[in-house]
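Number of protein chains: 4
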Amino acid sequence: MKQTKLAIIGAGGLTGKELTSLLAHHPHFKLVHITSNQVNGKRIREVFPDLNHLPDLVFQKHEVTVPDDTHIVLATPNEVSLEKAPEFLKQGRKVIDLSGTFRLQNQTKFEAAYQFKHTQWEWMEKVVFGIPELFREKIKHAQFVSNPGCYATSAILPIAILGNLRNQIQGPVIVDAKSGVSGAGGRTEEIKFAYTHVYENFRAYKVLSHQHEPEMEEYAFVGAEPKEILFTPHLLPVYRGILSTIYIPFSKPVDSKEIEEKLLSVAEKEPFIRLYKTPEEIELKKVQNTNFLDIGFKVKGNTLVIVSALDNLQKGAAGQALQNLNLMFGYPETEGLDSV
Amino acid sequence: MKQTKLAIIGAGGLTGKELTSLLAHHPHFKLVHITSNQVNGKRIREVFPDLNHLPDLVFQKHEVTVPDDTHIVLATPNEVSLEKAPEFLKQGRKVIDLSGTFRLQNQTKFEAAYQFKHTQWEWMEKVVFGIPELFREKIKHAQFVSNPGCYATSAILPIAILGNLRNQIQGPVIVDAKSGVSGAGGRTEEIKFAYTHVYENFRAYKVLSHQHEPEMEEYAFVGAEPKEILFTPHLLPVYRGILSTIYIPFSKPVDSKEIEEKLLSVAEKEPFIRLYKTPEEIELKKVQNTNFLDIGFKVKGNTLVIVSALDNLQKGAAGQALQNLNLMFGYPETEGLDSV
Amino acid sequence: MKQTKLAIIGAGGLTGKELTSLLAHHPHFKLVHITSNQVNGKRIREVFPDLNHLPDLVFQKHEVTVPDDTHIVLATPNEVSLEKAPEFLKQGRKVIDLSGTFRLQNQTKFEAAYQFKHTQWEWMEKVVFGIPELFREKIKHAQFVSNPGCYATSAILPIAILGNLRNQIQGPVIVDAKSGVSGAGGRTEEIKFAYTHVYENFRAYKVLSHQHEPEMEEYAFVGAEPKEILFTPHLLPVYRGILSTIYIPFSKPVDSKEIEEKLLSVAEKEPFIRLYKTPEEIELKKVQNTNFLDIGFKVKGNTLVIVSALDNLQKGAAGQALQNLNLMFGYPETEGLDSV
Amino acid sequence: MKQTKLAIIGAGGLTGKELTSLLAHHPHFKLVHITSNQVNGKRIREVFPDLNHLPDLVFQKHEVTVPDDTHIVLATPNEVSLEKAPEFLKQGRKVIDLSGTFRLQNQTKFEAAYQFKHTQWEWMEKVVFGIPELFREKIKHAQFVSNPGCYATSAILPIAILGNLRNQIQGPVIVDAKSGVSGAGGRTEEIKFAYTHVYENFRAYKVLSHQHEPEMEEYAFVGAEPKEILFTPHLLPVYRGILSTIYIPFSKPVDSKEIEEKLLSVAEKEPFIRLYKTPEEIELKKVQNTNFLDIGFKVKGNTLVIVSALDNLQKGAAGQALQNLNLMFGYPETEGLDSV
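Chains as they are written, first to last, in my numbering: chain A, 1 to 340; chain B, 1 to 340; chain C, 1 to 340; chain D, 1 to 340.
Computed list of lysine-lysine pairs in DSBU-like fashion (alpha-carbon distance at most 35 Å, straight line):
1) C:Lys257 - D:Lys206
2) D:Lys277 - B:Lys192
3) B:Lys192 - C:Lys42
4) D:Lys285 - B:Lys5
5) C:Lys277 - A:Lys42
6) B:Lys300 - A:Lys117
7) C:Lys252 - D:Lys252
8) C:Lys285 - A:Lys206
9) C:Lys269 - A:Lys2
10) C:Lys61 - C:Lys30
11) A:Lys42 - C:Lys269
12) D:Lys257 - C:Lys109
13) B:Lys285 - D:Lys286
14) B:Lys300 - B:Lys109
15) D:Lys42 - A:Lys206
16) D:Lys257 - C:Lys117
17) D:Lys206 - A:Lys42
18) B:Lys192 - A:Lys269
19) B:Lys269 - D:Lys5
20) C:Lys277 - D:Lys192
21) A:Lys262 - B:Lys227
22) D:Lys192 - A:Lys30
23) B:Lys2 - D:Lys286
24) D:Lys192 - C:Lys262
25) B:Lys262 - A:Lys192
26) B:Lys285 - B:Lys206
27) B:Lys285 - D:Lys192
28) D:Lys192 - C:Lys286
29) A:Lys286 - C:Lys94
30) C:Lys286 - A:Lys30
31) D:Lys285 - C:Lys206
32) C:Lys109 - C:Lys206
33) A:Lys192 - B:Lys269
34) B:Lys285 - A:Lys286
35) A:Lys206 - B:Lys286
36) A:Lys257 - B:Lys252
37) D:Lys192 - C:Lys300
38) C:Lys94 - C:Lys5
39) C:Lys277 - A:Lys61
None of these hints come from the bench; they were simulated from the model.
So here's chain A without its partners, still in its complex pose:
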């Protein structure tokens, strides 16, 4: 079978590294070009000594021309994606962007959340939001996919798959999420990510003001009446994984059977969603290094509590990106992602 050539722009970060590792085992994609402005000039095996099967590539600067017939993964900061995505799209390449730049449909909300002016808003007409479970058909035909945020995925999916039951939701949904450092920017040299500040510690950050909050509000209720989401992220002394505890107030007593049937009907047909009998079974250990979203739930009176877990670098970033790439290029959706 003919292989599809890919370039990763910004391959030196955590997400780029994760995708590089996944692609190394993929039968149909061939990584031919990687860039990094931090480690350009170095060989990939030198930068990632803990990875295997790696192609024999050297990191290039972002500016170096990408070979012909090569499609693009942007694992770059927002500002770089803003500039590079349109450039590659105009060259006729397919592009998947892992930054937040092309995720929100409302420019005012975007600029409030991301604190910078969006100068390429016209491309929002072309972009498809990359949650396969919700937008599978659109992704298959997209030239341009925006890959969702890690926290956002952990909340959007459990809510969205409630389907028509979402119309019984009354009042704001609370998403109390807890992430390992790799999902919270933890690779930088900032003192707040020093061992002495993370180990044996725990704290909330960006309370009700994280940029994934509007992303959740935008996609969790697609096809239903929109509701407010109140989102608080927390930093765990853990490397990878996000667990979200989601409190959903209904307008009437929640029927446990009805919820179970709805969630099960989705879990049975989705290769990367697993439903457990109880919320206590959901834990980071079960999803780390996998592309699964695990969910469990409990009801009490009018309240539904869903606990979800995913690996922020896989289903929350590079894994979901590969799931999208498989769809964009006509390969089996689970290829290279080890779903059961």
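Keeping the supplied structure of chain A fixed, place chains B, C and D upon it in accordance with the hints.
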């Protein structure tokens, strides 16, 4: 000054150890008797090699007669407290019980939460619930104090000190709490507390069904209209500390200034409550090994979010017990607790 | 290409799990039978929710007959291997044993180290010690391979590849090794592997008395004059990885250039040995989840210090087992092991 | 009793913080002046929210004049101690310096180890090396004490207290030490102390080239024939504590009884040295937050292995400094240090 003699029944556990350590530095209490059915016969310095200033005591069996003129701390399992508390009270001793046995005023709720029959319910008339910030005067004159639960303290205090503002609360309050293993029973040999199950992991447990939920409902709204509380505890890969994120829905837009004034008025006069400017400043590191309850808050629309943190072994157990003991015996409330 | 059928006896432990995961990605081996006396009756995906690509197998009891034409991996305790290995060998199957039962050539030393009577000593004539870098040709033709210990591999290889330079060694070699809990038996429910006993802690164990000490002495000096080895293992608050600091006293000043050339000559031709310029570059992070043995060294006067690191579950157990299986069945040695 | 006034120059670092905390509980010392060029202008309770009993002080710049009748603790970098110590000494104040600046008696070795020119060498005549167990009487009469290094203490003491048995030592002594990040400079913002580089990792650093190696060689053999020491430090994913495994080659078979008697004779009279029956009982947990040095040993043939553990911020730094201060000012040596 004359010293007050104390015995700790069940001094071999984590809470007993913490209180033993605090008392070793206290000028007015003298620990004269310690019991443990696990390590009886051993010397205290042998059992706690990491503690200092310890009195030269040997662990006794629970059955050994406590010396005269000695008051009692019960750091025992529920079943032992149920039997021992009345026995010591009838001998005229003052008793503080750190178990959950005498915390709930409603017997039906108690038996549902604790799953055993309460055969000493008549003593509930005599007992005082030991949160000094709420029941200081009663504690001063009590013969029998029931020390609150660690999770419960982390939620009751932040809500209760809202005072009359609690009457604007509409609908259930959500308490999403995260605890280190020492607050979640983590000393036992169970496989779920093995290193390989806790490290790099995170999970919820007893979702909406923890025995501290009714305790919160009972005391968070004293003097105001009662509200439902929905409580989910989680297990952190951390040894000590509890951080609770509390979502409070109001019937109208919350006035940030009003909340701040109310909380500040309490924090200014309470030696162990610290109010921070933002909820992002609250973290386990600041409260570990202290008797402080730290709080910060944020408002958005009709919702108030309070983040609280405490050390589960101090303000959540042994520290608060010593605060109560100081009150019960007429000593300065902060003695031996190092408040500023 | 025809696939080779394998059974793992004792697949429910950490080593069995690791090998199951590796085999799931291997093109030439097909896992057809797994046993576990702890989780028999359960499906593999239920027991290992964090693994992917798993075959659809159910754990059997050890006693269940292994299908014909199926070769055997023993990931069993010593006592089980002692009984099962001869049984399978007599059936004409190839067997690789991951226990310590068939590693030592001297029965007296064996029984002193392992504290039980070896009743199958005649099989020691047939067994090959499974370090491919030392015994590659023998392994290719072996029916029966004994896979080395994790600590043992981390010390034997760095010493053995010194080749003829070993004849300049004077006096005992000191191996000071530090292992994560998965290499030290850390899955059991023993209190010493509880989170509260491992986290923020560090200790030595079996000082100069670990059963891998005679294993090191036996194989580190093959082809050279034997020397005494003094071995102390320590327990790290880490899940996987072993780092060994090896102090080797020479009879004359060590020539750094000579050491480097010798080690480099080996590293250049061995797919799983990586030589770094300095010992400070060796770290657990670089070898975790890989089959590499990383080494670096420093000399001072008559002393050579080698720092080595490996993943105890891969190069220290299941990875090395697969390396041996590849050799035993004529497949490329690195297949399924992701070497560069 | 009259209190002795103290100033801590450089009180904002980990060691300064530890000493500040210890002094807050000390009946005879009164901390009257603290400096820090990082946090000057801030109140001490704001900088150390997790400490209690703190005096109400504001951090000053280093240049601010220290009040009269106030003695000096230097918890400053080497360059600052080099300048400040002579200045304060000339003012007639007593000075204890926690840096490495005045520890080595040989200027050439000092400048090789510390990589800067020592311009105040004349003060080496006045300084006393502050290990109380070795130099108690000199410390009592000293105006100027140099507090030992943390690694150095963990090796010097176990060797030195062997007394005349040291004359049977043949060849180099190997000190393989493992430290938590607070003993290895782990507060800085360097990427090597980021959570992602320390957690689940382990590595050696400064192999055979750490500046504490000559310090060990200088003081471990006082009163005996000097021997070479080979020292390798390692970084643990732990916050506090050092465990050293010390391999001592004797010229003849070591007599376990003789070692035990010698070590016990010291441990019985020294308040901060504890001898355990086996080296496996030595662990970081037992010494954290204490001023104890714990030791255990094992012999095999001509080799003696001693395992020692201490808290690098207490017996390895601030605790030992307070032990020295008690001696310098005529207070009971264990005052404020909680020895049993």
